[in-house]
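Participant: Okay, here's what each chain looks like letter by letter:
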Amino acid sequence: MMRVVVRVIGWIEHRTGLETAIRSFLYEEVPASSGWQHVFGSVALFLFMLQAFTGILLAFNYAPTPGEAYNSLRYIMTEVTGGRLMRQLHHWGASMMIVVVVLHMIQVFLFGAYKKPREATWLAGVVLLLLTLAYGLTGYLLPWDNRAYWGTVVTTQIASKAPVLGPYLSRLLGGEGAIGVVTFARFYGMHVLLLPPITTLMIIAHVFLVRKHGVAPAPGDEAKPLKKFYPEQVYKDTVAIFVAFAILFVMAVAAHVPLERLADPTDTSYVPRPDWYFLFLFQMLKFFEGPLEVVGSIVLPTLAVIALILVPFLDRGRVRRVTERYTAFGVVFLALLGWGGLTGAAIATTPKTAAVEIDFSAPTEWLQLSPEEMAGVGYFRKENCVSCHAVGDGGAKIGPDLANTAIRKSAAWMIAHFKRPSMLVPGSMMPPIQLSDPQLNALAAFLLKLTPQNASALQAAPAFAVDGALIYQANRCGACHLVNGVGMKVGPPLNGLFRHRDKAWLVRHFRDPQAVTPGTIMPRYAFSQSDMDKICSYLLSLPD
Amino acid sequence: MNHEDPNSGRRLFFLSVIYGLWGLIGAALALPASIYLLFPPRLRRREEWTEAADMGKLTPKTPTEVVFRQNRVDGWKITRERTTAWAIKISDTEVIALAPQCTHLGCAYHWDDAKRQFLCPCHTSTFSPDGKVLSGPAPRPLDRYEVKVENGKLLLGKVVESENAA
Ligand code: FES
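Chains A and B, in that order, are what the protein sequence lines are. Residue numbers for the first sequence follow the working numbering, so the first one is 7 and each next one is one higher. Residue numbers for the second sequence follow the working numbering, so the first one is 9 and each next one is one higher.
Chain B with its partners taken away, still in its complex shape:
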């Protein structure tokens, strides 16, 4: 037997088996591992609606900061955490609720009553009361909560990202 001949069919057979099998093993591990790490986990619960405020307590046309507690599914835990929203009552049945983070880099913005606009302290983005970008580096309007009004209560769902070009 001549093991040294690099071109012998035997050697070629060994090499193809070695690389073929290791390729299979690698694929059989890499694929499930990427799925494990990258696929979102199956959701346990449907979206919930959380009661955030009394409609009667909101001033029409002026943003009010409402603080409420919301359940958040966090891996294997469900945590109840404080969340805020800026609620603007348009009519008794119509409300906009803005997520409290600036769409630029996530700072908390606030309402400037004198100028009647939202101001982000970080890089001075400003937004109109309904969330449109007026100036500054923010790339898109403020994100909104899904809203529902039931029996005079404001119910909030999940935050929906606003469209870029709006």
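If we strip away everything but chain A, and leave its shape as in the complex, we get:
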């Protein structure tokens, strides 16, 4: 057996020289001072390959056109086994990639590893940083939900305002007029066809240059013996890669990435936000108004890139120990401070209640329930019916399966049964339900809606909507308003309210309707703060 393996390896080596190549790669000599601080490049490379891997898998189930893209992503997240994990690995992998690339850059910068003759290595690195950001920018559009759409509207608008080049850029991005199929195709094409080969070439060039010049030695290294890359440094790289991977994996399993509403160009209430790593740019724009806007959107970012490019040409003094590079530390400190401040300010100013974010990758059948049925879900939960009844899931419980009640019983029967269970079903072990008549009505209304097909989807109704509906019912809003076809038309119907009203307006309107809408007959409602939050969230979640 061993002999066969040795012969096969020998054959391949003789034909291709692969073994020698791998050996010379692994047994490369590195300076004595190399160690844990040099792991970031390897981690970045690993993350890039991981993004390619998850990206390809996602592409197997993804339709790259608007609308279809949204549906196929929802399919990936809700129906394909392991699909949600893949999407979340890709999503968080992108964020982690940015973090690691920046850490890599900071390390090189602090150690002054870009100095002669390693300027070209640094430049290739700067290009790789820009490429990483380009992935983030183009990939952001691909889910084609509201967040993706509006985020990209802002990006393309910024590009179109660039001096001289603006109109051409916007034509190149297909963003003239509005964002649609053309922009989408261009972003997708860049993301999967253009950027990957360029990145691969740049990585090869970057690694080649690192190998050509060797890892930058620290002062004093000359006196010490060189180390081998394998296995000691490979061991450190591997541990670092593993730690990064473990963090990413936990995030992908635990941190939920929602899918919002399908992109809606008519949604006037949406407040676009870029991904977190672009927030600082977004925030910076606020300091520049009117004609000065290009300073924030184009000039400053361009200057920053130029500064990065110039780093090795400006700092040309002799190589110092990292602990003596005070200026470098100062620059990094200031940059982090500025970035952190801007990002923090952007987060702080993000309106928390701008819109109700419904996760459309989870079942949304509950959106079709009337407020009464929805309140029924609340009583259903409160009375803990599932402790004795199965609900379409076939589990063996004491009571009958409730998902089939609609075919068997009427509402009147159910309500009578809720009050005196043993009257209608002699020998029933069910305790009487202590609820008022309207509440029992709601519970019965919900049970009538249950079928084995929708049971789990309806039970997945989010708490804010259920609580909101309970308040809606308790205050008899349905006596004047219409929701999902149920209620009266004295006041305006409430479906699609999120299109023209926001929470602040609703709150003002509840507190003092006449002040906001003169002549209205709506009475005032003095809800507690938490009730106000719930009813507003519920009303703003009602579909068109």
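These aren't lab readings, by the way, just hints derived from the structure by calculation. Heads up, a few of these hints could be off.
What the hints assert, rightly or not - Sample of chain B residues lacking proximity to chain A, with all beta carbon distances greater than 10 Å (derived):
hint, residue
1, ARG19
2, ALA41
3, PRO48
4, ASP62
5, ARG77
6, SER99
7, ASP100
8, THR101
9, LEU113
10, ARG124
11, SER136
12, ARG148
13, VAL157
14, SER170
As the list claims (entries may be wrong) - To be clear about the criterion: a stretch of chain B counts as covered by chain A if any three or more of its residues have a C-beta under 8 Å from a C-beta of chain A, and this derived list gives those stretches:
hint, segment
15, 26-36
16, 80-92
Beta carbons are placed, not taken as given, at the ideal position from N, Cα and C, and that holds for glycine.
Mind docking chain B with the ligand on chain A? Use the hints.
Facilitator: Below, chain B with the ligand without anything else, positioned relative to chain A:
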């Protein structure tokens, strides 16, 4: 420190950590990836019954080609597509509906009224009216739709593969 000694405990430690961790990473990716690619997606809908024909329009004992529209769940889409079935009425409440593809390599077969048998033009398999293989390379009888008769209408469900040895 002696890094060159291939047998030093240090070197062995490095090697086992390197291969162990890469093995873990590989497994943590390969497993979900295979599940992602190979496991069938969760079904959104239950099987549906589609109305295909009027029982009154079928000639007893003679196969009739019925064309109907059926919903098919296709990944993230539900498409409505034209489908055919060969329906053979046995009595007013009993029907056989054969799937339109030959069980050999999937060609569309047709009914030869003179010989009273199904004939596949591709490799000349022949089948009896109830789908049994009479001659040719077809390995098993023709597949059947699940059928249901309600209010004089023929309802078709999904295609069930026929047993090999039947
Ligand atoms: S496909 Fe019908 S006989 Fe070959």
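Participant: State for each hint whether it applies.
Facilitator: Going through the hints against the structure:
Against chain A, the non-interface label of ARG19 of chain B is violated: not every CB pair exceeds 10 Å, the least being about 6 Å. Listed as outside the interface, ALA41 of chain B is inconsistent with that label: its C-beta sits roughly 6 Å from the nearest C-beta of chain A, within the 10 Å cut-off. The claim that PRO48 of chain B is not at the interface with chain A is violated, since a C-beta of that chain comes within 10 Å of its own (minimum 8 Å). Residue placement check: ASP62 of chain B keeps its beta carbon more than 10 Å from all beta carbons of chain A (closest about 28 Å).
Residue-level check passed: ARG77 of chain B sits 21 Å from the nearest beta carbon of chain A, beyond 10 Å. No Cβ of chain A comes within 10 Å of the Cβ of SER99 of chain B; the nearest lies about 30 Å off, and the non-interface call holds. Every C-beta of chain A lies more than 10 Å from that of ASP100 of chain B, the closest at about 28 Å, which supports listing it as non-interface. Against chain A, the non-interface label of THR101 of chain B holds: every CB pair exceeds 10 Å, the least being about 24 Å.
Annotated as non-interface, LEU113 of chain B keeps its C-beta farther than 10 Å from every C-beta of chain A; the closest such distance is 27 Å. No beta-carbon of chain A comes within 10 Å of the beta-carbon of ARG124 of chain B; the shortest separation is about 44 Å. No beta-carbon of chain A is positioned within 10 Å of the beta-carbon of SER136 of chain B; the least distance is around 39 Å. For ARG148 of chain B, the requirement that its beta carbon stay farther than 10 Å from each beta carbon of chain A is met, with the minimum near 30 Å.
Non-interface status of VAL157 of chain B relative to chain A is upheld: no Cβ of that chain comes within 10 Å, the nearest being about 22 Å off. With 10 Å as the threshold on Cβ separation, the claim that SER170 of chain B sits away from chain A holds: the shortest Cβ distance comes to roughly 29 Å. Coverage of the segment 26-36 of chain B by chain A holds [criterion: at least 3 residues with CB-CB distance below 8 Å; count 6]. Counting residues of the segment 80-92 of chain B whose beta carbon lies closer than 8 Å to any beta carbon of chain A gives 3, which reaches the threshold of three, so the coverage claim holds.
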